[in-house]
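So you can see what is in the structure, the chains are spelled out below.
There are 2 protein chains.
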Amino acid sequence: MKNNIRIVLVNPSHPGNIGAAARAMKNMGLSRLYLVDPLKFPHPQAVYRASRADDIVRNARVVGSLDDALVGCTQVFGTSARMREMAAEVVDVREMAQMIAQQPGETAIVFGREQHGLYNEELRRCQYQVKIPTISDYSSLNLGAAVQVIAYELFVAAQGDVSQIDQPKINLATADEMQGLFEHLEKIATKIGFLNPEKPRTLMPRFRQIFNRAKLDKEDVNLIRGMLAKIDK
Amino acid sequence: MKNNIRIVLVNPSHPGNIGAAARAMKNMGLSRLYLVDPLKFPHPQAVYRASRADDIVRNARVVGSLDDALVGCTQVFGTSARMREMAAEVVDVREMAQMIAQQPGETAIVFGREQHGLYNEELRRCQYQVKIPTISDYSSLNLGAAVQVIAYELFVAAQGDVSQIDQPKINLATADEMQGLFEHLEKIATKIGFLNPEKPRTLMPRFRQIFNRAKLDKEDVNLIRGMLAKIDK
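From first to last, the protein sequence lines stand for chains A and B. 2 is the number that our numbering gives to position 2 of the first sequence; each next residue is one higher, with no gaps. 66 is the number that our numbering gives to position 66 of the second sequence; each next residue is one higher, with no gaps.
Honestly, the hints are just simulated from the structure, not real lab data. Be a bit skeptical, because a hint or two may be false.
When chains are identical, the list treats them as one kind, so a pair holds in a single copy or across two.
[Unchecked claim] Subject to a maximum C-alpha distance of 30 Å in a straight line, what follows is the list of computed DSS-like cross-link-like pairs (lysine-lysine): (1) K199 with K187; (2) K199 with K215; (3) K131 with K191; (4) K131 with K40.
Let the sequences and hints guide you as you build the complete structure.
Next up, the structure:
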């Protein structure tokens, strides 16, 4: 994750939310927290809720105005659920994350007060208004939760393709090993009277479907054949 | 948003997190909260943190075991940051959201304890392990924050135009039907001496992996149990 992103909380009233924001940031590789005139800070509740992100809380920069928090930034995004008159261009979180991933400059993402969000005056300091998609009649996220969603999208965008989580390596069974399994299964099913060779119906095709869908590895085949061998005894 | 999704919290210890989860759900159009043996519930802190989602807290279903919470579900996702041995197929949040958007069946997303997550035994009840991408050395999200990220992705996926690739089977076996199959299989494996209850090793977890991957429908389960019953005779 690039280190060009500031998370700016304007007048947060609950110190627990400051801690929650810090934790959300740390999970996603962000570290630079700015607090504009927080109501209660420093505060033990902020450290407690931060959990292992207490370093971010302790290193937070406390400033007296939003302008102070934005010094040096080339991109400023203001979060707001409400559409405003005279508002900046509106982007959703995912678009924002893409823009930031492609833009090397110093960037701020600004979050408003728990009760009242950002004032129009403050939102006008932002080049973009960023909106977290929600249902229309309950659009106000908890402050820490909003930071979490945004930090998550920033992290995913910075990683590039998300669908690259390591899948456990599978040593897939070969077609002949699968065939060996099906023949073994058929033999046992016949022997115990579950399969009638005179009227086999769709029994074996259905077992094939099941085990083919399961994408068996070599060990799986050995396991099942081990059980079949035991049944045989 | 479809109403086929349960959010299941296993043994949550902080009632505030229950409220935070409820609020995160409501923002994203989810409403069905299940609590497995919560430490403190009902509790005023849960209602307080829920804010306008207090209805979800009050309507939460409290159950005694994870199995009770999963009855009737055809898709079960367990959240975990850790990779486990013998784990289910791993998907990231966005993949999960796509899968759920395409699958009409009853679905559960299971969240573990604040301190310890889900136990392996519980994760084995899940067909998929879902992972929220994070930095590698601080992967544990706050419980409410984790619910928020997942609810957000579900909402975004439900809004999107989802292509109809891979039309899912509609008659999938439910979690309780799968559990019935595994118990039957375990009984027979023990009876024929393939499974030693004194030294069960990873036999049953591996059978679970295999049959969860196979995405069995009700007929598949009946077929396999039919063969098990025949072996028993």
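Hint check results:
| no. | hint | result |
| --- | --- | --- |
| 1 | K199 with K187 | both (15 Å within a copy, 29 Å between copies) |
| 2 | K199 with K215 | both (28 Å within a copy, 27 Å between copies) |
| 3 | K131 with K191 | neither (37 Å within a copy, 45 Å between copies) |
| 4 | K131 with K40 | within (27 Å within a copy, 34 Å between copies) |
Comparing the model with each numbered hint stated earlier shows that hint 3 is the single one that does not hold.
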